[in-house]
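Student: For reference, the chains in residue letters:
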Amino acid sequence: MLIWITALHCEAKPVIDFYRLKKSPAHRGFDLYQNDDMCLVVSGIGKTSAAAATAWVAALLPSYTSIAWINLGIAGAAIQDIGSAFWIHKITSESPRQHYFPVPTFTTGFDSSACTTLDEASNEYHPETLFDMEASGFFSTATRFSSAEFIHCLKIVSDNQDQQPGFDKAVISAQINQHIDSIDKFAKKLEMLNQQSINLKISDTDWHSILDRARFSMTQQAQLKTVLGFLLNRDFDAETLIRQVSGLSSSRDILKQLNQIRLDESRNL
Amino acid sequence: MVSCIYIETAVSDHPRAQKILDRYRQVPVVEIEHHGEVFNPRAQNFRLQKSNPALIISSKHKRRVLAAPEGYGLGVKHNYYFSHMLNCLYDCRYCFLQGMYPSAHQVIFVNYEDFSDSITETVELHAPDPVWFFSGYDCDSLAYEPVTRFAEYFVPFIARTKNAWLELRTKSTQVRQLLKIQPCERVVTAFSFTDAHSHAKLEHGVPSISKRIEAMKTLSEAGWPVGLRFDPLVYYDNFAQSFAQLLEQIFSAIDPNRIHSVSLGAFRLPKDNFRQIHRLYPDEALFAQNLELNNAMMSYPLSQEQSMIKDCESMLMNYINPDTYFPCEWYE
Numbered sequence: 016m017l018i019w020i021t022a023l024h025c026e027a028k029p030v031i032d033f034y035r036l037k038k039s040p041a042h043r044g045f046d047l048y049q050n051d052d053m054c055l056v057v058s059g060i061g062k063t064s065a066a067a068a069t070a071w072v073a074a075l076l077p078s079y080t081s082i083a084w085i086n087l088g089i090a091g092a093a094i095q096d097i098g099s100a101f102w103i104h105k106i107t108s109e110s111p112r113q114h115y116f117p118v119p120t121f122t123t124g125f126d127s128s129a130c131t132t133l134d135e136a137s138n139e140y141h142p143e144t145l146f147d148m149e150a151s152g153f154f155s156t157a158t159r160f161s162s163a164e165f166i167h168c169l170k171i172v173s174d175n176q177d178q179q180p181g182f183d184k185a186v187i188s189a190q191i192n193q194h195i196d197s198i199d200k201f202a203k204k205l206e207m208l209n210q211q212s213i214n215l216k217i218s219d220t221d222w223h224s225i226l227d228r229a230r231f232s233m234t235q236q237a238q239l240k241t242v243l244g245f246l247l248n249r250d251f252d253a254e255t256l257i258r259q260v261s262g263l264s265s266s267r268d269i270l271k272q273l274n275q276i277r278l279d280e281s282r283n284l
Numbered sequence: 070m071v072s073c074i075y076i077e078t079a080v081s082d083h084p085r086a087q088k089i090l091d092r093y094r095q096v097p098v099v100e101i102e103h104h105g106e107v108f109n110p111r112a113q114n115f116r117l118q119k120s121n122p123a124l125i126i127s128s129k130h131k132r133r134v135l136a137a138p139e140g141y142g143l144g145v146k147h148n149y150y151f152s153h154m155l156n157c158l159y160d161c162r163y164c165f166l167q168g169m170y171p172s173a174h175q176v177i178f179v180n181y182e183d184f185s186d187s188i189t190e191t192v193e194l195h196a197p198d199p200v201w202f203f204s205g206y207d208c209d210s211l212a213y214e215p216v217t218r219f220a221e222y223f224v225p226f227i228a229r230t231k232n233a234w235l236e237l238r239t240k241s242t243q244v245r246q247l248l249k250i251q252p253c254e255r256v257v258t259a260f261s262f263t264d265a266h267s268h269a270k271l272e273h274g275v276p277s278i279s280k281r282i283e284a285m286k287t288l289s290e291a292g293w294p295v296g297l298r299f300d301p302l303v304y305y306d307n308f309a310q311s312f313a314q315l316l317e318q319i320f321s322a323i324d325p326n327r328i329h330s331v332s333l334g335a336f337r338l339p340k341d342n343f344r345q346i347h348r349l350y351p352d353e354a355l356f357a358q359n360l361e362l363n364n365a366m367m368s369y370p371l372s373q374e375q376s377m378i379k380d381c382e383s384m385l386m387n388y389i390n391p392d393t394y395f396p397c398e399w400y401e
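Chains as they are written, first to last, in my numbering: chain B, 16 to 284; chain D, 70 to 401.
Simulated from the structure, these hints should not be mistaken for laboratory data. One or more of the hints may lead you astray.
[Stated by the list, open to error] Dumping the calculated DSSO-like pairs for lysine-lysine here, alpha-carbon to alpha-carbon at most 30 Å:
1. K184(B) to K203(B)
2. K184(B) to K200(B)
3. K280(D) to K340(D)
4. K240(B) to K204(B)
5. K249(D) to K340(D)
6. K119(D) to K204(B)
7. K270(D) to K280(D)
8. K200(B) to K88(D)
9. K38(B) to K184(B)
10. K270(D) to K204(B)
11. K200(B) to K216(B)
12. K340(D) to K271(B)
13. K270(D) to K231(D)
14. K271(B) to K270(D)
15. K184(B) to K216(B)
16. K131(D) to K240(B)
17. K119(D) to K131(D)
18. K204(B) to K38(B)
19. K240(B) to K286(D)
20. K38(B) to K203(B)
21. K249(D) to K270(D)
22. K37(B) to K240(B)
23. K216(B) to K340(D)
24. K88(D) to K340(D)
25. K231(D) to K240(B)
26. K340(D) to K146(D)
27. K203(B) to K216(B)
28. K216(B) to K119(D)
29. K37(B) to K204(B)
30. K146(D) to K88(D)
31. K216(B) to K270(D)
32. K203(B) to K231(D)
Pulled out of the complex, with its shape left as it was, chain D reads as follows:
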């Protein structure tokens, strides 16, 4: 439930903003000049806000499309990300977004046309090479689809933009909009999964594993490329057994030959994000585990991490084509 809507005066008449306001007629609306007035002040408590966040309707003026971090990508040279939202509907304790911003309010940038102009410019810069755009970096790509209509706008846009590829990264089951339109081979919906125990302990508000597999299956059978993202792997005594069960559950429903790409990475957080999140959640077991600083990242000790990855990779290779596998390599 949205507690309040803040809207920038400059976008208050924007048709996309009006549609959002129509959905929340009972919610107080507060006009603001810039989303930073509400989103950026330091005296805010992310953890408290997360239980009842507000919505901020804004527009993004600069830096709409950014180069993806090193090692982020699916084997091609040009990788970018863009965010039509800041913050996520879900509350996953391992996610770097927990400590990224001072506020847990959800910002929606409604000037999609400006984003698509920036994407076009970026594609032209690298023509004729393929260029990947990742949309699920600062938010879940599809979780808020009924409100944002993000896929409704961007998927057809990517479909008609030669050389542009889009990854929709999601933990949601919101595939209804995609099922209404013609599948596009250059739009990959990548579903993130953790095993059942990690899901129960760490992914608050996220739909069940079985419901997400069902959504993935429906999408795949409709002809859409789908991906799997096993990131992060979280350590506990039976994690390998539980991961094996997760693979069994997924591949008993999904044809491995229809999987576009698979990636896998162990739990890690940039040092500063870790410090911030740990301050917010001192009682969280994940942060009390045996972690250490490597390459400015807090992670499991490298030997432990490599052993976790190796175990999971070998299980994964029983199901998938190795050519579709892209490990998350963050250390040298």
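This is chain B alone, in the form it adopts within the complex:
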């Protein structure tokens, strides 16, 4: 599952249109748009709102074993051109002073920049960083639910020290929309990375197809998880394993049989 967090509807619109996301009527608290593979939450402005929206949507999706995140939005810059897009490599929270470092595990397709998250809008610029109002709240909260490799911020410059064009929703949407193909490529790479991680985990269906065959104690469940974690990531599927334990009714015998298959499979590395 990929989750987008934007502060404003006008920042969300290019993503909603591109992926044909539908607004969910069932959820209150934040506006949520979704399709089968991703969802987008409009958090409102500020790091507290971004943190709240991030935690809220993560709590809505407890069944997903791995979540990838993108915070997409506008930022101020000193010298960078208006409309230019950046992947953020360092996030600084102004208060309390704290740094966060998104982890680059693939080629992002964007220039990279630092970003400082302010508590209030400001017209002061600094050449070494972009300025926004959400990234630190988003990132620090998302790392409670996902590993840092899956959490990223993409920022589009909306104003700089030479030009402060004011707040125009249509202009902001257009500035983001002009990068939508690169944003989509980035999202696809992130989803692929996420899928690698999901592939290593045992799906709920597979887990219950074995677990429900007998009464496993908590210790046995931990042992079962280890055995299945190995076998399901090798050449075995749940159906094959069920066939192998089909005549067995006790948890002890099932574990013994699966452990033997595991030992045989690992014998020659």
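Add chain D to chain B, keeping to what the hints say.
Tutor: Leaving out everything else, chain D in the frame of chain B:
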């Protein structure tokens, strides 16, 4: 390929740091206050990072030279280790480094002069006894030589420091720097080997066995002491036969009389490291083998391990002088 360089502000002007930056002009550089900001956070996935790690340029302020663990050494009383790097270029599934740190990024400490001061102090503490320093504990000593220039600095330093001995432990073929300088009898380059099947299955990114033997031969013929480290031995049906082939391959190229030291140990991991690595690699066959907990180590059952060691020792003794053999004894 390095994905990004993080550099501590305090060392950004350090000449060694500048040389590293010069090598990677196309790579984004991010200033940090301390390497722990990037390296230590818990919400990181070592396995994912390992495919595309970043470089962190830092300096080591404290605890630069540490006592080697019990049983680690080559028969002398005073054994220490130091690490100019954290994490390794290679990706060996059996290595304890896989679960040692939260991050797979490679940290390079550039304040070599401070390390050498600590080594001098340690040598003086034990004078006139010989003191061994092992450099390949938290990293491969030579694999990153073109970037770190570690041997370029430390080998001449050890050569002029009386009573100091250095082991460079490596799986690399990076011996070019050593070949440029006068051999020193107190600097031993120890090459680690596993048999061909284990190498193919478990040592990702490591140069081929034949290339490493070639590097070892070149170094030995240039007058440098070289060592052999058969650690870990990994069990599978034909491991003994494959180990015999490895010995044959090595000793058909290297004169056994030129071998400084040989050590041998079976696969084992501290319990906590094992748990961490197993979580990262649930699909790895090595960790699904018949292992058990002994002396806070996950290892093969002791009777199996002793039998593996015995078989390999007897093959080894056909080639080497027994005085040069130092078994890895980790259990009582």
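Student: Each hint should be assessed against the structure and marked as holding or not.
Tutor: Quick rundown of the hints versus the structure:
Between the alpha carbons of K184(B) and K203(B) the distance comes to roughly 27 Å, so the proposed pair stays at or under 30 Å and holds. With a C-alpha separation of about 24 Å, the suggested pair K184(B) and K200(B) falls inside the 30 Å cut-off, and the hint holds. A C-alpha spacing of about 34 Å is found between K280(D) and K340(D), which places the hinted pair above 30 Å, so the restraint is violated. Restraint check: the Cα-Cα separation between K240(B) and K204(B) comes to about 29 Å, which is no more than 30 Å; the hinted pair holds.
The straight-line distance between the Cα atoms of K249(D) and K340(D) is roughly 42 Å, outside the 30 Å bound, and the hint therefore fails. Simply put, K119(D) and K204(B) have alpha-carbon atoms about 17 Å apart, close enough for the 30 Å limit, and the pair holds. Between the alpha carbons of K270(D) and K280(D) the distance comes to roughly 18 Å, so the proposed pair stays at or under 30 Å and holds. Between the alpha carbons of K200(B) and K88(D) the distance comes to roughly 34 Å, so the proposed pair goes past 30 Å and is violated.
In summary, the hint linking K38(B) to K184(B) is supported, as the alpha carbons are separated by about 19 Å, within the 30 Å threshold. Between K270(D) and K204(B) the CA atoms are separated by roughly 27 Å; this keeps the pair inside 30 Å, and the hint holds. Under the criterion of a C-alpha separation no larger than 30 Å, the hint pairing K200(B) with K216(B) is consistent with the structure, at around 25 Å. Taking the CA atoms of K340(D) and K271(B), the gap is about 23 Å. The hint holds against a cut of 30 Å.
For the hint pairing K270(D) with K231(D), the CA-to-CA distance comes to about 42 Å; that exceeds 30 Å, so the pair is violated. Distance restraint check for K271(B) and K270(D): the Cα-Cα separation of roughly 27 Å lies within the 30 Å cut-off, and the hinted pair is therefore satisfied. Straight-line distance between C-alpha atoms of K184(B) and K216(B) comes to about 42 Å, which puts the hinted pair past the 30 Å bound. Restraint check for K131(D) and K240(B): the C-alpha separation of about 41 Å exceeds 30 Å, so the hint is violated.
Simply put, K119(D) and K131(D) have alpha-carbon atoms about 27 Å apart, close enough for the 30 Å limit, and the pair holds. Pair hint K204(B) plus K38(B) holds up; C-alpha atoms about 25 Å apart against a cutoff of 30 Å. About 47 Å separates the Cα atoms of K240(B) and K286(D), which puts this hinted pair outside 30 Å; it is violated. Taking the CA atoms of K38(B) and K203(B), the gap is near 22 Å; set against the 30 Å cutoff, the hint holds.
Between K249(D) and K270(D) the CA atoms are separated by roughly 34 Å; this puts the pair beyond 30 Å, and the hint is violated. Proposed proximity of K37(B) and K240(B) is contradicted: the alpha carbons are some 37 Å apart, above 30 Å. Using a Cα cut-off of 30 Å, the hinted pair K216(B) and K340(D) holds, with the two alpha carbons roughly 22 Å apart. Distance check on the hinted pair: K88(D) and K340(D) sit about 39 Å apart at the alpha-carbon level, beyond 30 Å; violated.
As the CA atoms of K231(D) and K240(B) are separated by approximately 55 Å, the hinted pair breaks the 30 Å bound. For a cut-off of 30 Å, the pair hint linking K340(D) to K146(D) stands: about 27 Å separates their Cα positions. Our distance criterion of 30 Å between C-alpha atoms is met by K203(B) and K216(B), whose separation comes to about 20 Å. Only pairs whose Cα atoms come within 30 Å are accepted, and K216(B) paired with K119(D) is accepted, the gap being roughly 19 Å.
For the hint linking K37(B) to K204(B), the alpha-carbon distance of about 23 Å falls within 30 Å, and the restraint holds. Note on K146(D) and K88(D): the hinted pairing is violated, with a Cα-Cα distance of about 38 Å set against a maximum of 30 Å. Only pairs whose Cα atoms come within 30 Å are accepted, and K216(B) paired with K270(D) is accepted, the gap being roughly 22 Å. Restraint check: the Cα-Cα separation between K203(B) and K231(D) comes to about 58 Å, which exceeds 30 Å; the hinted pair is violated.
In this structure, the hints that do not hold are numbers 3, 5, 8, 13, 15, 16, 19, 21, 22, 24, 25, 30 and 32, in rising order.
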